[in-house]
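Put the two chains together into one complex, using the hints given.
For the record, the sequence lines run as chains E and Z.
Using this note's numbering, the letters of the first sequence correspond one by one to residues 1 to 854.
Using this note's numbering, the letters of the second sequence correspond one by one to residues 1 to 432.
Check the hints yourself; a few may be wrong.
Below, simulated SDA-like cross-link-like pairs (lysine to any residue); rule was C-alpha separation at most 20 Å, straight line [as the list claims (entries may be wrong)]:
no. : chain 1 : residue 1 : chain 2 : residue 2
1   : Z       : LYS174    : E       : ALA566
2   : E       : LYS201    : E       : VAL228
3   : Z       : LYS174    : E       : ARG563
4   : E       : LYS828    : E       : HIS763
5   : E       : LYS435    : Z       : ILE136
6   : Z       : LYS174    : E       : LYS323
7   : E       : LYS454    : Z       : GLN391
8   : Z       : LYS324    : Z       : THR173
9   : Z       : LYS174    : Z       : GLY225
10  : E       : LYS435    : E       : ALA566
11  : E       : LYS323    : E       : ARG61
12  : Z       : LYS174    : E       : VAL134
13  : E       : LYS201    : E       : GLY99
14  : E       : LYS144    : E       : SER127
15  : E       : LYS86     : E       : VAL257
16  : E       : LYS103    : E       : SER127
17  : E       : LYS60     : E       : GLU477
18  : Z       : LYS284    : Z       : LEU339
19  : E       : LYS435    : Z       : ARG421
20  : E       : LYS435    : Z       : ALA139
21  : Z       : LYS58     : Z       : GLN391
22  : Z       : LYS78     : Z       : ARG306
23  : E       : LYS828    : Z       : ILE136
24  : E       : LYS254    : E       : VAL228
25  : E       : LYS231    : Z       : ASN118
26  : E       : LYS435    : Z       : THR173
27  : E       : LYS573    : E       : ARG563
28  : E       : LYS103    : E       : VAL134
29  : Z       : LYS174    : E       : VAL567
30  : E       : LYS60     : E       : PRO302
31  : E       : LYS231    : E       : ALA245
32  : E       : LYS828    : Z       : HIS199
33  : E       : LYS103    : E       : ARG61
34  : E       : LYS454    : E       : ASN515
Keep in mind that the hints were calculated from the coordinates and are not lab data.
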Amino acid sequence: MIVAALVASAHAERSLDDYRYFRALTIDFVGRPPTASEIVAFERPEFRFDQWIDRHLAGKRYAERIRNVYNDRLRLDLPLGAAPFKPPPVMLRWTSVMGPDGKVIDLYFRDGQRRTRPDLDGQVCFSTAETGLVVGPDGPPVGKPKRVSQKLLNARTVVIRPWWLYADYRAAKPRDRAGPVWQKRYGFELEWSMFTEPDGKTPMTGIRVCREEAQTAPTGRVFVTGRVARKGDPIPPGRQTRLPADTAFATAHKGEVVSCTSKAGFESSVDCGCGMGLERCMPTEPNGFVMPWSIPLGVDQPFDAAPRPGILWLRTWWAEEAKRVFDRVFEQDRDIRELLTSRGTVINGPLAQFYRYFANATCCGDSGGSAAASDVLFDPSKVPSAVAPYEVNKWVEVSDRGPHAAGILTLPVFLLKYGSQRQRAHAIYNAFTCKDFVAETAKLEPSSEPDLTKRPGCSACHQRLEPMAAYFARVQESDWSFIPASQFPAVESRCTSSAAPVSACKTVYDPVFTNSQRAVLRGAYASVAHADLGPQGLAAEITSSNDFAPCAVRTIATALLGRPLAVADNAWKMQLAQDFAARGYRMRELVRAIVTSDLYRGAAAGIVGETKSAANAPAAASIARTVAVTSAPAAGTVAVAAAPAAGPVAVAAAPGADPVAVAAAPPGSLIAAAAQSSPRMVPPEAFLRAYLAWFGSEGPYDVFLRARGDDLFDRWPDYLAALGLPEYHVDAPRLTRSNTVLRAAVGRLGEALCARAAQHDLHDHAPADKRMVFAFDVSAAPTRAQFATAFDGLHRTFLGYPSSLAPRHRVDRFFDLYRRIAADRDPKAALTADETAWVGVCTALVQHPEASVY
Amino acid sequence: MNRRQLLGMLGFGGVATLCRRVTAAAATAASPADYFIFIHAAGGWDVMLWADPRNERKGLVEPPSLANTNVGGLERWKTAGNTFEPIVSPTGQRFGPAIGQLYELRDRLTIVNGIAMNTVSHDDGTTFSTTGRHRIGGAVPESSIDVLIANELGAGQLMPDIAVRFPSSYVGTKLDGRSIPLRVDSVDAVTRAFARSQHFLRAADRTAITSVLTDEAAELAAATGAAEFSQLASQHRDVSALVSGDITETFSSRRLQELYPEFEYRGRLGDAPVAAAFAIEAIKRNMVRCVGFALGGLDTHTANHRHHALTLQEIFGVVATTLKLLDKIPHPRLRNTKLSERTHLLVVSEFCRTPQINPAGGRDHYPNNSALIVSPRFRAGRTFGTTDPDQLLPGRGSWAAPDVLATYLAAFGIEPRRFMRDGRVLRELLVR
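Bound-form chain Z, shown alone (with noise of 0.2 Å):
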């Protein structure tokens, strides 16, 4: 089978795919043409070199310098005294010198500064970040944002949620069991599963097989009323369609990359863009919901902070490459419409780092943070929330993880209460 018409016959299954998302659709008054990247900037990065810019020295605050930081290759950094210049957008927006090409699309980007995390570990930063809930004797308490997406936009999905390092969380019994994400270490791991042999079965032996345990499992839904019978049976439809294909060879590190050379994959942050380049690839055959990946290297307590504002510049490089390739690509669904239109990006770390500079030359953690979404549903050009002068804390009025993750959710039409213990929904974010 060629890749044409491999295209066609997922394009088939994405009938199929999409008649059993009506109902999910129905329920949530949900989009089910809509598409989901989360990243893990992992470390906790220095919110002062791109979103919450400061150049004074003021209070705890020792601002970004040419002292503390190497500014060799900081496409945005513009030297004023010791310190840099922040770049203000059009609309006001003040940016630091590590947003980089990430800055060009400066209209279509929501900031949210000044989140209150309540802590400073990594671990739990993390699952604060993207559960709203603070760990519970080490353990994850609640389901992570990626995971409710799925559950609630992506069960019916061919994969509803793939967790490239990304610290995705499945906790509880109440939300479907196909939206368990399927955490690896490499998207290598989740293509390997889907190649097969020559040697003894063939395609159409496989179809056959397929068809006898689709029509098991079917029956064996209608007479137990059982949903697990039920997913087994669309997930053996769905294996039928990728292992007919050339997914194997498409979705390998090596292919990934040659496919898509607009990321760096010799850089700071080593291959871990090929997780980016899988994202937009199975977008674009509309075989997932979600897609997580961690972008990480920013934990800097000693003189590699250096280097912090270049990583994190690299990191918003690749938020930058994945918008402008999903500006290119059609929608696999809907006509006229771009992909870029219909997917949503949010950007999480788990704290921020100090203000201060420690002994050691580096910004130790801080329970401070910020988060970067690109969405429509979302009022872009704008930055939400402060942070004191003095000592970059969540100013009054602020709000927490959990809030940023509920309105996330509001804006698919979820109802976060069904999901989420805490959190509010920040109307003021939303487009109206």
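Bound conformation, chain E alone (with noise of 0.2 Å):
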């Protein structure tokens, strides 16, 4: 029996105190409670917390631990309908036209591509006179289609093996289609319509495209047609749209060489297309990428999945590109200056794709060539060219993206969802100084002052934000395209207000801010030297504060002992800020510190403690229980020994129950400490970790498939909601909730668990090695003894320490709750009255109170 190695192999002297500061460093170290097997490690002498800690300092759930700290402030991800990207030069619509044979065949097409035929140019290749359909603004199109001839449909469209139809895309005749091992292969899953032609049956082996959208150059000419847009014009018959007028740029660059990958190519030239294998372009309909969805476990865990839009895949890759910054710090033990200093980033098959092809695509300039890396926040040269865009789980290390950007600074997902110059610098400040803006009164008093620096009611806050804000004054608001100096500079005499205005004038440049002399540019007013550094400007500025350091101890102190710091924690703050200063900024040695602090050990301790009542002994008494399984015990006994450095206390135990010493607290114990603490509830993500642990140590998925039937549960999103988890994308913080329906809904899940496990393990009679839960074999009506010893192994998975160390009378408990439930069952039950016992008994400890705090 498992248990029985449990016992026999637990040999070394541990205290209750050690067994909860063991569970405390494995919830935050590993992200959930200790298994069986990592209980029996830890009994053992030469196990070694310096070690254990060392070792786990290492490791992924430790930097997501810390990470999400951090991102508890920020919350990088976007809600979904924010911003979605659909850059017209990067939408590659889906509209469909009636083939020579009758059949719907499907056809990509780009709103806005320039064409020569003035009919057609900036909308679908095909007019409503050919097809008989008028393609609209979005969605399917409308009308009676009419057969399109097969010469018609040659000269306008041709058939491309897309990139995310074909693994070798790039290839003269791609081969490597995607089917079922597609999402084994590379990560995600396409929706059955992405594979098959319209009749839901045909494997699609390529897609028909306009022929303008299939060319490959990667430049091409301005094209001029000498249009230009008046208000009014009328939309010419046959059009859904106006014709494209000239913009400024290609009247001005007539014939010139255009980057295909710059807005301008787009707008300007009927030589740009989406590349090879369309690699420029992103299909948007129909919803077709199976996306992950609800990840608090991590993208590659997700509780749901559902088919979504390509406008919204690169979402989830900005969102999973800041975690990927963080981890890199803390997985690496980086100085955490990096986070906002350095030029680096990870990146994946999406966001290559992204940084390279589609990120510039909105940008601003009118420079039209290629995007220099004085022009933009990510050089598209310095992105891999290793990294296919479907390649989801190849995540691949930046070490520059070029001279603008900084760490997390300039990550569109951190652009995108602090909108506003002020957002970004606020929300930077806030999170690395621990400082806020708090203003003397909530009242405004009317005021025409432009200057937010002086404005009255305004200017105790603006002083500092609006300078701080002016390093942003270079990223366009909502946006993540960079306004660079050579088109730009800050102060423009070219816009004053009496001069005639260029186009950028109004959009780039402060009308407010402008007078006979200069124009500045937005948001720059308040520091025109802070707006040409640029967000590495800020990113120096906070990294030098004084405020730096403390606020990165306060910050990480606070998550780990679970309270706020007081004011009698500041010298030890301090100096640990001192420490960890002068050690380089790194945060292993933070947390190192942290967690091997007393306050930390006693927050640890101070969730267990013994009945005021128990036979006189001091209710601290049990933190310094003592216990040293010295031997194999027979059935229901576990021989104990008192620690030596201190006189055992005599406990009354009820008749049969396990021989326990409880000793005085020893000189030095945790108690202090532990008074002062009050538990910590065990983080969501922790939880969920603790149910996926216990029961099998599967996916959410398997989990799910192996809980449902018999009314017992019903799908993880109808419990998510429950926990507490964070919603960073809209901002809902992290709760970890303690109310009725919470346990109510952990209820209905761990008794669902239990009765499978149940199932499983005992009625079904697992291989001892494949077993979940019960790493025993029922007895009927066992005896206390025996009751005891099987009760223990469960003790120890679901509340990480012996039951012999427990508060007296739970053994007493349960195996009285064990008797009452296996009293009077139906013979013709789907378990047998122990079987359901144990389900019961299983069912308590899994919602114990011990299990959810720490």
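Rendered as structure tokens:
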């Protein structure tokens, strides 16, 4: 029996403090409570806390824990409806036409694609007269379809093997087509509609796309029509949109070479398409990308998945990029100032595609050339060529994004989450200096003063905030596009109020701060110098602040101790901050110092106590109880020795109870620290991982499959709301919930999983190495001693320590529960009386109050 | 177990709950028999259509008119020229045409006009209206009004605070963990957790399990002095009552619609009024302290503003129906008392809409606001606060959202300064 093995292996002296401390460390550094085998390892004599801590401070879960602390502040994810990425140069729209044989054919095109035929310029490559269909601004085409001849079809369109269907799409003849193994190979699924022709049966071997979109040249020539747009121009007959007019750029650069990955190239050249295998474009319809959804445990362990349009595809990866940037610093124990200052990042296939081809499609500049390093936040030439767009699980480090990159400050998810320059500065100031802008009054006096550093009621905060916000003056609001100094100096004389305005004057320069001598870049009025320094300037200012190190200490200590730091902690905090800075702002040493402190150990020790009425033993004594299991015991008995340093205090035990020795609190125990602490509620992610670990160490989907049926369990999303997981995309904070509905939800889940485990382990007699929870064989109507032995294994599994260290009545109480459930069972029930009783014991333990705290 | 038995059991549970609440009641001098409904009129309402009626073009004000408003179906629209004639109650309260059937209950309405918002952002306005603080770096800095009420008056309740799309926020470490709102998209999400299979454990088994868990938690609480364990003990008791009954069936969206056909479930608000039905049924069973929900569709920047008045009328219809139902239902614990005597409603929105019509035919966001309170603790049949005639902005000596919230807390004996940074108590709003 595994339980016997557990007990036999345990011969080290471990106090309840130690067990609790080990459990707390495991929750913080592994992300879940310890498993039975981890407890066995902990109980071995050679176990050393310092070695264990060192080993886990190098782990991914540790990095995730610390990352979550920062991400709880910054909440780097975007609302579903916010900033959908759909610039026309990137969006490959789906529509359909009727082929010569009367079958419907999918057709892809770009809105705004330049074509030489005036009747088709800027819209789909067939007219309504040719297809009988009207392609509106969105959705499927409407009208009565007419057959399109093969000749016309061939003239206007071409069949392409695109990047989302072929892994070798860049080959001359792509053959490696997406199929059932696609998900395993590349990490994501495509909906069935992406694999088949419109009939739902015929395998899709290629997609038909308008010829102009299929072009692959990196550059084109500027195309000029001589058209001028006038307000009120009618829409020409047979068209859905007005004819595109020549842009100012096109007029000025007629016939010149233009980059096909720039906005100017898309708008002003008929030579620019979507590139090899359409890799410069994203299919936006139908909902083809099956995206992980509800990912509290990481994108690789989704609780749900749903087909989504391609425009939401990148949103997922922007948020993941921020996580990887955090993890890179914490996993490699880099200087945490790199979170703000580093020019590096970590990207996967979709992000590589985005930065290489998509990011500059929204760019503001009129250069029309290839994006130069000086013009963008992420130099496309720095994107590794070895990552294909579909390689979701392949993450690579990019050491240098370009001169304007600055840690998380220039990531798309940060720039979109915090759309305005002030929001961006404020978020960083708050998260990394632990300071805030607090207005003196909630009321504002009416004022026409545009300078917020002077306006009454505003100046108190904005004298500080406005110059910080100016660092972001060159990054467009609600966008990642960089406004290059080469084209747009911070102070521009050509845009003065008296001069003839150039096109960018209205959008890039602030009319409120424009006079007869100069125009100032929007957002730069409080500090032109900061505008030119860019986000790197803010990073330098924040990381050199005297508040930076104390804030990092406060942030991490508050999270690990589960309480705000008090005045009494100040000296400790400042010493930690001093050491933190002296050691190069490395997080591992700081975390090690915190978790080895009495404050942390005290918080862990403070959650278990003896009842005040228990044989007059002082409540605190239980914290110092020490047990040494010396040998494999006879069933139901555990030999226990008292801690040698302190005399045992006799505790009256129930008849048949395990012999337990309770020691008085030794000098230097954690009682004082424990007395100051409240239990910490187990973080929701750890709670979820605990359930997964207890019931099979599988992913959420496997657990769902196992638990469903017999009205036992619904879907995961039905329960996630109750768990208090943070929802960064809607700024819902992490709330480790403790309410009745949560109790009910986890109770339902626990009961379901216990029942399934009993069916599998006990009723179906699973082999010992395949068992989930019950590592013993059921004996009918067990004696108390037999029960106690088996119960101890469950107690260790769910609560992390031997039942002999629990408050005295626990074994008896659960034995009584067992007998009550086993009595008077229906012989035709799914499980035997004893099996059902173990379901009850398991259900109680999995919901036990101690399981919720640490 | 049939419904009668369940109610009996819940009544028994109520005694235990009452005992737990005595402490809170003694500390705050507030009544433990009160219930609270919070409604977020989501999107930003046009106050000229109900609380602050304008029918004269003046300054920026372009009043609701036949040209910008669909009046078909508006029960209280009375055309005067191209615009409407305000409704004036016998006490002098003035209403716009979207007040609808709520006008019948005018003697119970307290309206606060001219609330300064200092924001025109949906998120920030919503936060400011419900917490009295603006967002900081996108984050909500203070707990919302429903959470504060739940913390003070409902922590021992079966479900202290249910928020069906209501913008509840729990912030900081000072409040009781039980008052963390359960934020859900639908009432079904609340009740699903209470369903239990009959294939393995029986109700009696679960009662025995609950007994063990409650005893364990109570002992841990006694040994450690940690409030968390006391809370867990009471929650395990509560769950036992909930999973043993017909809760899942009764609180399903379908069943609630059958129980309360008085609400409109297929109108402009869709089935959102199910949340109101849930609130009534849960209050009737003494299971909740606070229920918040959102009724939306008011963000009308374009031609859809023509329907704004109709949407508002439906929202006020939900309020009126709720009050009328509460009038008919006896208080679950107090004899000879109607539920409406001890149930308090607060209806807020994130801001109001511009007095001028924009080129797209709609109204945009505007930093003025109004609030609606229905509570015996407030002076009813009165409108407080003014706005200036030309710009629809808060008049001199007016107030801001934190003042309204502080007053609301004070009405129930809760000292606002314990929880709110800003806000003064507007004594003139309260019954003396």
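Item to complete: Against the earlier hints, flag every one the structure doesn't satisfy and list their numbers going up.
Response: 2, 6, 7, 8, 12, 15, 17, 23, 25 and 33
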